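Turn these sequences into a full structure, and let the hints steer you where they fit.
The listed protein sequences derive, respectively, from chains A and B.
Numbered continuously in my numbering, the first sequence closes out at residue 166.
Numbered continuously in my numbering, the second sequence closes out at residue 1198.
Simulated from the structure, these hints should not be mistaken for laboratory data.
All of these numbers come straight from a predicted model, not from anything done at the bench.
Check the hints yourself; a few may be wrong.
Footprint (simulated), chain A over chain B, 3 or more residues, beta carbon under 8 Å [unchecked claim]:
#1 1008–1016
#2 1123–1136
#3 1143–1151
#4 1177–1191
Take a look, some chain A residues computed to stay more than 10 Å from chain B by CB distance [claimed, not checked]:
#5 E5
#6 P11
#7 I14
#8 A23
#9 I43
#10 T48
#11 V53
#12 F58
#13 C67
#14 V82
#15 I93
#16 S97
#17 G119
#18 W151
Facing chain A, a subset of chain B residues (Cβ under 8 Å, in silico) [unchecked claim]:
#19 I1019
#20 D1161
#21 N1165
#22 T1197
In this text, a Cβ means the ideal position worked out from N, Cα and C, and glycines have one as well.
Chain by chain, the residues run as shown.
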Amino acid sequence: MKPIEAVVVTPIRIGLGALFMLAAYLKLSDPQAFAESVKAFKIFDLATASHLVTLATFTVPWVEMICGVLLVLGLWSRAASVALAGLLLAFTIGIISVLQREIDVRCGCFGKYEWPCTGNISMCHVARNSIMLLCSLLITLRGGGPVALDWFRRNRSPVDSEPQTA
Amino acid sequence: MASSIPDNLFQATLGAFAIVGLAVTIGAGHSLITPVRLSADWSKNTAAADQRPDQPVDDAPNDTVTSPDQPNDSVNPSNTPTEQADHLLNLEQAYALFEMGEAIFLDARSRAEFDESHILGAMHLSTESIADGSAGTVLDDLLGFGTDFPLILYCHGGQCDASENTAIRLQDLGFTNIRIMTAGFEEWVKAGYEVETP
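This is the structure:
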């Protein structure tokens, strides 16, 4: 990895990880509020698939939390970024679906901290998710960079771990 | 030897599935510890049983207001008493209670929308304000009236979930006499009923 790439990738990885840890914390601290957001998207029929709303309510924040921690530590960065990319893609499709159906829904993505996209769901949320998706894909392709547990794991010399011979 | 990009992507995808699997497992356990409510429990609501018999129907501006002896056809066309319909009010029924002053109107829309305009005398109470603690004063006021005082929630009507979501929170706090105006604020304005614009 070139030095310039390392300088770009490392802060993106740590920043993205921290952002998703915050998002997960806000959702897990008030699952009822996130359940309301999931319900408001009207993707699942409450009469027949309420269990899917509950599953999404608790699975999404835990995916975010696990991926966030892994990205901040730089451990399994590519796997974490692939999982986040999948999540962001699903969010974006959901948001576009809401926009097409013209439903007034608040995102609930970052609790009450909805910067820079305030108010109901709009194209701003699509743009925000697209930027985060690009960041995830960058980490998927380039790895977590230095200052990451992955990097130390990969670059640990086999000689170091073997007993030295005289 | 360095791995190729397809190899890395394949491994990363497998790792991603492992992460999602772990999250599903933890999430399932979490849902058992902290259950969420997706709809309000109207079976414990006393609105239909206790409130409507006291309503003087003659004072109502519209004869669609429910009386104890006359089931409400507009809400429940089959004339079959259901728990589901008892807590729902149409525009005329809500206005009748508004005129009688026998209920508190609660605006479940966003704070900004409430500040712009709301039903005369309504208080703002949304799920967000309850969750972040900023609704403390309003809740204290409501508790002062008693948990069985009639409360009418409204939002935009139609596909708006805010009223029911707020009702869930109020039920969790012990309120038992909650109803939802299905028409929404926009229809209230369109009907020319009283609004308050600061």
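task = Please name the hints from earlier in the document that this structure breaks, with their numbers sorted from lowest to highest.
result = 3, 4, 11, 12, 13, 14, 17 and 22
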